[in-house]
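Undergrad: Here's the letter readout for the chains.
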Amino acid sequence: MPRKKITISEKVEALSILDEKGRLDEKLEPDIAEDVLFQLHRTMLLARKFDERLLSLQRQGRIGTFAPIKGQEAAQLGTIAHLRPGDWMVPAFRETAAELWRGRSLESVIIYNNGFNEGVAIPDDRNDFPISVPVGSQMIHAVGLGWAAKYRQKDDVAMTYFGDGATSQGDFHEALNFAAVFQTPVIFVCQNNQWAISIPVSQQTRSKTLAQKALAYGMPGIQVDGNDILAVYAAAQEAVQRARSGDGPTLIECVTYRLLMHTTADDPKRYRTDEEVEQWNQRDPLPRFEKYLIDKGLLTEEKRNAVESEILEEIQTAIDRAEKQMEAMGDPIDMFDNTFAEMPSSLKEQKEELTHALSESAEEGKDG
Amino acid sequence: MAKMTMVQALNLALQQEMEKDDRVIVLGEDVGVDGGVFRVTDGLIKQFGDQRVLDTPLAESAIVGMSIGMAAYGLRPVCEIQFSGFSYQNFHQIENHAARLRWRSRGRFTVPMVLRTPYGGGVRALEHHSESREAYWAHTPGLKMVIPSGPRNARALLVSAMRDPDPVIFYESKALYRAFREEVPEAEEALPIGEPQRVREGEDLTLISYGAMMRPTLEAAQQLQDTDGIAAEVIDLLTISPLAEKILIQSVKKTGRAVVIHEAPRSFGPAAEIMSRLMEKAFYYLEAPIERVTGYDIVIPLFNREKAYLPNTERILRAARKVLAAS
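Chains as they are written, first to last, in our numbering: chain C, 1 to 368; chain G, 1001 to 1327.
For the record, the hints were derived by calculation from the structure and aren't laboratory data. Ideal Cβ positions, reconstructed from N, Cα and C, are used throughout, including at glycine. Mixed in with the good hints, there may be bad ones.
[Said to hold, decoys possible] Some chain G residues close to chain C (C-beta under 10 Å, calculated; not the full set):
1) ALA1062
2) HIS1097
3) ARG1104
4) PRO1165
5) ARG1200
6) GLY1202
7) ASP1204
Kindly generate the complete structure, drawing on both the sequences and the hints.
TA: This is the structure:
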């Protein structure tokens, strides 16, 4: 038998609609309603300004370590914009823009990042998982959620986020494989931001793209310019439709860049050059999107500034509120809650022990 | 009532609960067409179809991770990890997510799932097929760790595990799967999780064990009665964690002497925790230091030597007599 080429029906494509200079490929322009465009822009600007403010709060010691998102707003908003409230979002830990789109309050982000569990409370009307820190471990949950939705004959979908580093984890491959085998309605959104702390994507994989990894599992994969919100939006629209109509999962690789540090505990100057960062600054998704809106006659400098000052005020109000709320959050005894549905007696005893210890040290404090 | 092996009794629990509750989904490797390598899920796919019984690809982490998603959605997944020796490949899913999603989401999402898996030695199995590592799970906050000791309590505990609002690790002893039969009522029967049982009453000594070690423990109690005239009280933990200590403390306050038996390695094992609790709460009632009879702190040997590794009646008797002799 001669060697033969094996044809794989799935294909991997690359998509870019709005180039680095903000020039539009009109043939590919997705049809997005004006109010959605405004909402996307506002959330992008909010996420950007909030990120900046969180960084300064962290530097002032008013919150703890957090993972900035600067540069990745388009990848998040272009995808999340397609979810309905009943759909599921399963994030990693660098998706603040997507979370804000879903309605997470700024206060809750501040409270969580200042080390209070209260900040992870998820309202009943949002089917969003809390952020997941162990890299790559969360994608498979989206597969279970999607499977369950299908089992209940609902057309809800699950969208899960992760980075380029996560694609090296076994759980990434297991999740893609299970999703494809069971044809679950899942959208895998990879934010390839080029760096997993200090490891560049070239050291993470020898694959030409991350999107092509989908092919091995028998699902479509697409690589998009992740800083081009129109391309991200168009690719995600197809993927969500595919999932919702019962045609299974998709892997979307959003090629983007983490313009800031991995977390505030990290110093990126140790492993990457300023020149590289500057190159990516030129591809910033925000001015690119704004140029598109201005070219379409939907945005003016004046209007943008008005939105920005509104946003800055919103952020300040949230910080004030969060700091006020946190003043009342000192009681450590709450740490025992939510371990089990019903607290076992051994745990009740430990809780009493702490209660006792706290009241004793309070008494001692008074005496002293 | 029918006489059943533990395998049949577990199958009955699954079958009845699946009939009753369409949230119960069975998933794992070879659990469908093959009925599970030990046949615990035998016939379920035939009765309930492949939307209720999922033959999954071979990936323990994904089996558990998928179960977490299903459970958070509101289903009641019961996943089978073919051997507990393979469950370390899903350990992080349990530790990072199943055990703490309730906590991580402030109660918004919960993980009412059961992870069933065969554990323990004594069946001349391959490497990685005979470990007893319940301490790993028992050490994890947010988890329940259940180990039945016979067909009837296995069935009744599995029913409760499937209805529990929190994740349950359910260890099934391979050595007990077909070791003996018991009367198991056809009508539903559930045993509460977190309630150890006193299975033999006595005044002179308390023997505490669970799972496959209950048989040599009960055998030792009988021999103590027959040859030494000693009345040993025997407690079957059934739930390892959260450990309900009350019955243990009551018993030791009465007898003043205790031996704890498990096949897991000794150091940091369940016996260490039980002995600490007894020391904390029954110290002044103790007539003698508490003894433990356990596996050793080594990799469980391949099967030609495992008899020497596993606690047996003789070792339990030796420890019991030592405790009885001390004053």
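Undergrad: Against each hint, give a clear statement of whether it holds in the structure.
TA: Evaluated hints:
1. ALA1062: 4 Å, holds
2. HIS1097: 7 Å, holds
3. ARG1104: Holds: closest Cβ of chain C sits about 5 Å from ARG1104 of chain G, inside 10 Å.
4. PRO1165: Holds. Min distance 4 Å.
5. ARG1200: Result: violated, 24 Å to nearest chain C Cβ.
6. GLY1202: Hint on GLY1202 of chain G: violated, closest Cβ of chain C at ~25 Å, above 10 Å.
7. ASP1204: 28 Å, violated
Consistency with the previously given hints fails for numbers 5, 6 and 7, ordered from lowest to highest.
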